[in-house]
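Whole structure, please, built from the sequences with the hints as guidance.
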Amino acid sequence: KLAGIKVPERVDTIRVMLSELFRINSHLLYISTFIQDVGAMTPVFFAFTDRQKIYDLVEAITGFRMHPAWFRIGGVAHDLPRGWDRLLREFLDWMPKRLDSYVKAALKNSILKGRSIGVASYNAKEALEWGVTGAGLRATGVEFDVRKWRPYSGYENFDFEVPVGDGTSDCYTRVMLKVEELRQSLRILEQCLNNMPEGPFKADHPLTTPPPKERTLQ
1 KLAGIKVPER VDTIRVMLSE LFRINSHLLY ISTFIQDVGA MTPVFFAFTD RQKIYDLVEA
61 ITGFRMHPAW FRIGGVAHDL PRGWDRLLRE FLDWMPKRLD SYVKAALKNS ILKGRSIGVA
121 SYNAKEALEW GVTGAGLRAT GVEFDVRKWR PYSGYENFDF EVPVGDGTSD CYTRVMLKVE
181 ELRQSLRILE QCLNNMPEGP FKADHPLTTP PPKERTLQ
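For the sequence shown, the working numbering begins at 1 and goes up steadily by one.
Watch out, some of these pointers could steer you wrong.
[Said to hold, decoys possible] When the alpha-carbon atoms are kept at most 27 Å apart in a straight line, the in silico DSSO-like pairs for lysine-lysine are as follows:
#: 1; residue 1: LYS108; residue 2: LYS97
#: 2; residue 1: LYS6; residue 2: LYS148
#: 3; residue 1: LYS125; residue 2: LYS148
#: 4; residue 1: LYS53; residue 2: LYS104
#: 5; residue 1: LYS108; residue 2: LYS53
#: 6; residue 1: LYS6; residue 2: LYS213
FYI, nobody ran anything at the bench for these hints, they're computed from the structure. Because the structure is a prediction, the values reported are computed rather than measured.
As structure tokens, this is what we get:
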């Protein structure tokens, strides 16, 4: 904004798509290791299979699996490759059923609930005093998500909900909130797939983007 650089709509949508893939990857790690810490081993191995699919998709788009450093001022490093939409479609068809199975097989288990409900609880006042942010704050009932209230990168153009807790955040509330956030990320990805704008993948601005070769030779 300070430089007066206008990012193309395609870039905004690509950035949102990658950001939500990374969010899902992070939430899967949180959910699966939570289940492992409470005493169930198997789901973490299933979740890493899901995360592998995300890494494959990210690698196909950016060329790297982790920390791709792909976003650029004014755009992204290069355009989406051929076949990106097929890979994303396959993931979106795969993930919801897997998430449902984690909830049914593990997160609704009475032993897991008994070991996590009421554990490490705090309320909204305490969360704000301690500087808690993100899902940990929303689990207390505070409805604040920067993507909604201070939208960036075109998030204002996406239809999604902000899951919140019922007033007290404990271990179980927080993990179930992550599950619902993951569902909303899948919802955003569906919109990215169906509404990817045409156009350039970087801004036409001399501070960020070298001119095309044909223009440099004029």
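For each hint, the structure was consulted:
no. : hint              : in the structure
1   : LYS108 <-> LYS97  : holds, 15 Å
2   : LYS6 <-> LYS148   : holds, 21 Å
3   : LYS125 <-> LYS148 : holds, 22 Å
4   : LYS53 <-> LYS104  : holds, 22 Å
5   : LYS108 <-> LYS53  : holds, 25 Å
6   : LYS6 <-> LYS213   : holds, 22 Å
Checked against the numbered hints given earlier, this structure breaks none of them.
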